[in-house]
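4 protein chains.
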Amino acid sequence: MVGGGLDAFIGGVHRMAANLDGQIELAAGCFSSDPEKSRRAGEALYLPASRVYSSFQEMAEREAALPENQRIDFVTVVTPNHMHAPVAACFLAHGFHVVCDKPMTFTLAEARALRETVHKSGKIFALTHNYTGYPMVKEAREIVRRGDLGEVLKIVAEYPQGWLLDRLEKGQKQAAWRTDPARAGATCCLGDIGSHAENLGRYITGLAIESVCAEFTTFLPGRPLEDDSNLLVRYKGGARGILYASQISCGEENNLTIRVYGTKGSLAWVQEQPNELKFQPKNEPARILRRGNGYLSDTAKKFTRLPAGHPEAFVEAFANLYKEIAAAIRDRIDGTPGGPYDFPTVDDGVYGMAFLETAVQSARSDAKWTAFLEA
Amino acid sequence: MVGGGLDAFIGGVHRMAANLDGQIELAAGCFSSDPEKSRRAGEALYLPASRVYSSFQEMAEREAALPENQRIDFVTVVTPNHMHAPVAACFLAHGFHVVCDKPMTFTLAEARALRETVHKSGKIFALTHNYTGYPMVKEAREIVRRGDLGEVLKIVAEYPQGWLLDRLEKGQKQAAWRTDPARAGATCCLGDIGSHAENLGRYITGLAIESVCAEFTTFLPGRPLEDDSNLLVRYKGGARGILYASQISCGEENNLTIRVYGTKGSLAWVQEQPNELKFQPKNEPARILRRGNGYLSDTAKKFTRLPAGHPEAFVEAFANLYKEIAAAIRDRIDGTPGGPYDFPTVDDGVYGMAFLETAVQSARSDAKWTAFLEA
Amino acid sequence: MVGGGLDAFIGGVHRMAANLDGQIELAAGCFSSDPEKSRRAGEALYLPASRVYSSFQEMAEREAALPENQRIDFVTVVTPNHMHAPVAACFLAHGFHVVCDKPMTFTLAEARALRETVHKSGKIFALTHNYTGYPMVKEAREIVRRGDLGEVLKIVAEYPQGWLLDRLEKGQKQAAWRTDPARAGATCCLGDIGSHAENLGRYITGLAIESVCAEFTTFLPGRPLEDDSNLLVRYKGGARGILYASQISCGEENNLTIRVYGTKGSLAWVQEQPNELKFQPKNEPARILRRGNGYLSDTAKKFTRLPAGHPEAFVEAFANLYKEIAAAIRDRIDGTPGGPYDFPTVDDGVYGMAFLETAVQSARSDAKWTAFLEA
Amino acid sequence: MVGGGLDAFIGGVHRMAANLDGQIELAAGCFSSDPEKSRRAGEALYLPASRVYSSFQEMAEREAALPENQRIDFVTVVTPNHMHAPVAACFLAHGFHVVCDKPMTFTLAEARALRETVHKSGKIFALTHNYTGYPMVKEAREIVRRGDLGEVLKIVAEYPQGWLLDRLEKGQKQAAWRTDPARAGATCCLGDIGSHAENLGRYITGLAIESVCAEFTTFLPGRPLEDDSNLLVRYKGGARGILYASQISCGEENNLTIRVYGTKGSLAWVQEQPNELKFQPKNEPARILRRGNGYLSDTAKKFTRLPAGHPEAFVEAFANLYKEIAAAIRDRIDGTPGGPYDFPTVDDGVYGMAFLETAVQSARSDAKWTAFLEA
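Sequences listed follow chains Y, X, G and E, in order.
Counting from 0, one number per residue, gives the positions in the first sequence under numbering that gives the first Met the number 0.
Counting from 0, one number per residue, gives the positions in the second sequence under numbering that gives the first Met the number 0.
Counting from 0, one number per residue, gives the positions in the third sequence under numbering that gives the first Met the number 0.
Counting from 0, one number per residue, gives the positions in the fourth sequence under numbering that gives the first Met the number 0.
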């Protein structure tokens with residue numbers, strides 16, 4: 000692991016998720032750009048001092064120098080955004096598979112370059128859009144694929160949070176880097192959470208964006224990036240969408256919600272109640288599909304650990320990504336043909352960065368529509 | 000009553016609502032532009048034949064000719080949109096108060112003219128934006144007025160329906176006039192239901208619109224007006240909004256929903272569960288306020304008929320408008336000073352038409368923002 | 000109307016409900032045993048003084064003496080329980096149909112006697128178990144009748160309220176008579192609201208009770224009747240049930256809820272969200288059936304006034320009873336053969352009183368099971 | 000671990016839960032009474048063959064013979080009920096701490112004997128009533144302890160499931176032992192899940208039972224134990240309760256729900272939505288308390304891993320027990336004084352067995368009330 004020190008949030012989630020199925024073990028790490036902080040984190044995580052590094056370059060080099068059966072199999076990159084690409088590229092160069100947090104890079108150009116690097120390396124690269132790990136999200140995709148919605152006409156994807164209503168960036172590391180253009184990139188709110196909303200819509204429906212109309216607002220005076228992002232979206236083929244993300248919506252926690260309306264039915268899923276999926280066939284009663292039941296698709300069943308009514312949640316969904324990543328890496332190591340694997344790749348990452356840059360461009364433009372940038 | 004024949008929906012609602020408190024009695028009507036249909040409706044409504052008219056002009060004239068204690072006190076106009084202004088103006092000219100369905104007129108120009116007529120007549124004119132009649136909507140407004148939300152930053156108003164996913168306009172009168180530019184005006188979906196969403200947001204927050212960015216989509220090929228309308232909104236003072244209305248959202252019934260986010264708290268209200276209002280003060284648990292309880296404002300209490308837990312709904316909310324209208328008319332008749340009365344007026348109607356015309360203009364424009372037209 | 004003065008709750012509901020469809024008009028009344036109070040109520044209800052009476056006997060006599068086309072068609076009895084039977088019997092004797100609030104009488108013996116009187120009179124007698132008027136309750140019954148639940152195994156009927164947690168009986172008329180054995184009978188809580196829960200279960204499932212095990216508790220010291228009633232129920236044929244009513248459940252408003260579990264499916268309905276019915280077929284997703292939709296049974300549709308998503312509630316459900324009662328009376332007057340009509344009758348009233356007396360007996364007994372008294 | 004083979008459910012949950020925080024590692028096991036099955040399970044769990052045993056006695060002996068820093072620190076017993084006591088006693092005798100699944104033993108007598116054994120051994124003994132591990136359950140207890148409910152008057156605890164509506168015991172191991180008196184004891188449904196409902200009520204309120212009135216029903220012909228259990232409960236001090244468990248409630252998954260009503264407020268918690276707790280102070284709006292927020296008690300915060308809105312669920316709650324157990328064992332090993340620890344003990348186990356035996360006795364009795372057996 001690179002990043003994910005003791006005061007980080009997402010690093011700990013990655014560790015729990017990777018750990019959940021007993022298939023992945025934390026073996027080494029560089030948990031901070033501050034060597035002392037990295038050391039202390041490693042200690043708290045019961046790592047031997049020899050596997051805790053002061054820089055990611057040192058880690059990549061020294062791990063690569065270890066005998067094959069002792070070194071790490073892959074690295075997880077959970078640094079602020081601006082460091083994703085350099086760290087990923089470094090480990091790829093040293094022959095390691097990479098798991099990377101989202102948004103994939105700092106810029107679209109960097110994303111395209113990383114795609115090139117990944118393809119050349121032949122290594123596995125996974126992007127942790129974790130919300131697609133929920134079984135009921137996978138069920139939603141199956142329903143669309145089966146044609147049960149008919150043609151998709153409209154997507155409403157919302158991701159309101161309220162935590163940045165306060166000026167947390169003064170004291171809290173999480174807020175500090177997310178609101179800092181030098182570390183987060185050209186967007187705060189849309190990059191941090193709107194990127195999940197976009198990815199979720201695409202994962203479920205497969206629709207590609209044609210153009211967007213974005214408005215970014217910064218409600219806290221002096222904050223250099225937007226804390227609220229509202230978009231109208233035109234999808235290729237004629238569907239329409241509303242996509243918004245907000246970090247100043249008082250009282251909202253992590254309320255990612257998606258509704259997909261088709262000619263034959265509609266779907267609604269709410270991340271805070273992740274074990275349910277509402278499917279409404281046209282002219283019939285809505286059906287509440289619940290995780291763990293026999294009537295679900297094989298895909299939803301595959302990514303389920305507990306019986307129905309024993310709720311699973313965020314960590315399990317995250318672990319579902321790691322489960323697939325572990326399968327892909329294991330197959331690669333074993334030389335077993337496998338796949339397709341169900342996790343986001345570098346291509347998804349480039350697409351996501353194209354979305355963000357298109358939205359940033361649109362937010363700065365007086366024109367209603369900005370064409371989607373070539374991914 | 001003018002309009003509201005046997006195959007209409009909203010006419011029957013007006014009658015139930017007006018009737019609920021035993022203060023208003025249907026005394027006369029012209030229920031259709033087809034005299035025979037009007038006659039049959041009057042019969043079914045137990046009206047004497049002498050008070051059922053063949054045209055609204057005839058009705059206005061002949062009612063005005065009756066002795067004061069026998070003629071109607073006011074008229075309710077529930078025709079398709081294009082007839083609102085002519086009918087209203089005619090009854091005003093004959094000295095009657097007017098209750099008119101929304102949107103108020105066919106065009107903004109007509110709305111401004113009607114405002115002039117109303118003001119000159121000195122008569123009472125009420126517009127039935129019925130959703131503002133719900134006690135919990137009134138409570139929401141009280142919460143904003145008390146300052147419990149702080150400064151309002153964002154409004155998300157949604158009004159999805161699914162009934163026009165089918166080409167109902169071929170056979171059903173409701174759908175036929177709403178999708179016909181000659182009767183509905185320049186918008187179908189936004190005029191029919193989006194106008195309620197706009198009015199609701201303004202009623203609760205008092206915020207005025209600065210500019211809008213609208214996209215109208217017609218999903219059913221050949222339908223002359225839009226059946227889906229998505230808007231970004233900028234409010235004066237800096238608040239931002241999303242407002243959308245849809246009639247092709249499969250499975251949605253009448254899901255008018257509003258969320259208002261301020262610096263100190265937020266609100267959420269869902270029309271299909273109208274007895275509840277969620278109020279979330281910053282950094283505190285959400286509170287579920289429920290109609291009929293002692294902790295509500297006097298305003299919410301005033302518009303409540305049943306104890307808590309005995310649900311009230313659409314008809315009662317509609318009847319709350321009539322309750323206020325009846326009070327205003329009674330006070331006028333009695334010469335009693337009264338008010339302010341809590342019902343939408345001709346000014347709200349002009350504002351609403353300005354909203355619709357601004358949105359129509361925006362929908363046709365390539366510019367991101369269209370300034371709100373002078374109401 | 001007899002009873003239902005200005006400080007009563009249920010009288011006003013009866014008036015709104017009877018009035019809603021424009022088929023029933025309040026024509027006369029004796030609204031209080033205090034003539035002056037009766038007079039004032041009549042005045043407030045816009046009744047001519049000549050039709051407002053000082054005693055129910057006077058009303059019955061003088062109405063009967065009016066010409067047929069001027070006198071009332073039926074009487075509604077909304078007095079405290081001890082007066083139901085005398086008033087009903089008096090009006091039956093004078094040739095009037097009767098609508099009576101529940102529980103039907105003061106004692107089971109009185110109920111049996113009233114049944115005799117009704118049958119002899121040949122008049123229509125309706126009991127206002129209003130919750131069976133909800134369209135989704137009717138849909139529930141249809142589902143059971145169609146066999147979609149298979150054999151019913153278990154019924155859980157709950158009716159918690161919290162309003163008697165305070166000693167309201169000192170000042171409030173509603174609480175005073177309900178907690179007074181001289182006016183309410185041998186039970187407060189079970190008679191007042193548990194009787195609805197019992198009736199609702201029987202209406203939906205048709206199951207008859209074999210025996211009950213009741214515990215009555217009086218939580219407020221000195222209150223002469225129980226304010227909390229918990230029952231285990233054995234139904235004929237082997238089904239089991241839990242039925243409880245409570246008036247000291249803090250924060251509960253009017254939370255009548257019923258769940259019915261069968262071998263092939265289950266149902267759940269919550270009075271405070273009356274437009275929805277949850278139907279869960281075995282091994283399939285739960286279905287949320289909603290009032291006003293085309294997929295519902297003809298029965299549910301018949302008792303619906305508004306389109307889906309325009310919520311109906313308590314008054315409309317109550318009005319559905321009156322709608323059927325009005326149909327029955329009209330058919331009788333017109334000599335038209337009609338029916339069966341969907342409202343509770345004197346037989347339901349006797350059954351309900353047998354339930355209450357069985358429960359009272361059980362509550363006083365050390366034996367686990369008390370056999371259901373002969374209705 | 001003893002028990003918890005590959006076809007078991009709860010064993011896997013224990014492993015995920017123990018593993019989640021990276022403090023506990025599976026080191027040895029006897030996963031089945033069939034040595035070959037045990038071996039295969041150990042292999043699948045990446046255990047060295049030397050630490051996979053053919054019998055629990057062998058495991059206890061050989062682990063005890065290992066050097067202190069190599070042997071297990073404690074054993075988790077996840078066998079069917081009849082084996083809990085023998086296995087636990089054996090490991091206690093060999094000097095190991097014990098974590099045991101519920102219900103604790105086969106009989107009350109056995110429970111009392113085990114309590115004796117535990118107390119003599121001086122070892123730590125934890126019982127996995129996992130639902131008390133949920134942070135919002137802990138918050139509920141804090142609310143009661145703070146006095147915010149006033150005096151508790153009523154507890155309604157429900158635990159419906161539907162999975163035994165089919166005769167699964169013919170093929171499925173989970174169902175087979177639970178419905179077999181030789182392995183499950185004198186109760187199936189109440190022992191398996193009703194025991195959780197009882198424990199949850201006691202954990203939150205601290206109330207002790209005075210007497211119970213139980214009805215057990217076996218709906219599937221030929222099944223030797225009850226699959227539906229309904230109880231009325233009298234608590235010491237005057238509170239009343241309803242407690243029911245069911246395994247034949249079609250469509251129910253794992254719907255453990257508890258409502259606690261006091262003189263000043265009430266609480267409701269639903270296991271399937273575990274991140275929320277409804278707290279309703281008297282005469283005030285209900286408050287929806289949600290996990291991860293700053294306004295919660297320190298206790299609820301202590302047992303939380305993720306920010307608000309990132310849902311936690313069953314595994315995390317289970318892991319909270321292991322977190323406390325690990326702390327207790329670590330303090331014991333380190334000689335650090337610590338505690339009190341928040342996990343159920345052998346005393347809770349004896350209490351739970353007394354509850355089950357009292358209920359079984361009551362179910363067989365014609366008397367309404369059966370006094371609670373001495374724990």
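No wet-lab data here; the hints were simulated from the structure.
Honestly, I wouldn't trust all of these hints.
Said to hold, decoys possible - Quick look at which bits of chain Y chain E covers, simulated, 3 or more residues with Cβ under 8 Å:
1) 28 to 38
2) 49 to 62
3) 357 to 366
Claimed, not checked - Quick list of simulated restraints, FRET-style, between CB atoms:
4) G/T344 / Y/D297: 49 to 59 Å
5) E/P336 / Y/G170: 28 to 38 Å
6) Y/I287 / E/N282: 44 to 54 Å
C-beta atoms are modelled at their ideal positions from N, C-alpha and C, and glycine is treated no differently.
How does the coverage statement for the region 28 to 38 of chain Y fare against chain E, requiring three or more residues with Cβ below 8 Å from a Cβ of that chain?
violated (count 0)
Do at least three Cβ atoms from the region 49 to 62 of chain Y come closer than 8 Å to Cβ atoms of chain E?
violated (count 0)
Whether chain E covers the region 357 to 366 of chain Y (at least 3 residues having a Cβ closer than 8 Å to its Cβ atoms)
violated (count 0)
Just tell me: holds or violated, for the beta carbon distance of Y/I287 and E/N282 against 44 to 54 Å?
Taking Cβ atoms as reference, Y/I287 and E/N282 lie about 34 Å apart, which means the hint is violated.
Take the C-beta atom of E/P336 and the C-beta atom of Y/G170, compute their distance, and say whether it sits inside 28 to 38 Å.
holds, 35 Å
Looking only at beta-carbon atoms, does the pair G/T344, Y/D297 fall within the given range of 49 to 59 Å?
holds, 54 Å
Checked against the numbered hints given earlier, this structure breaks hints 1, 2, 3, 6; the rest are met.
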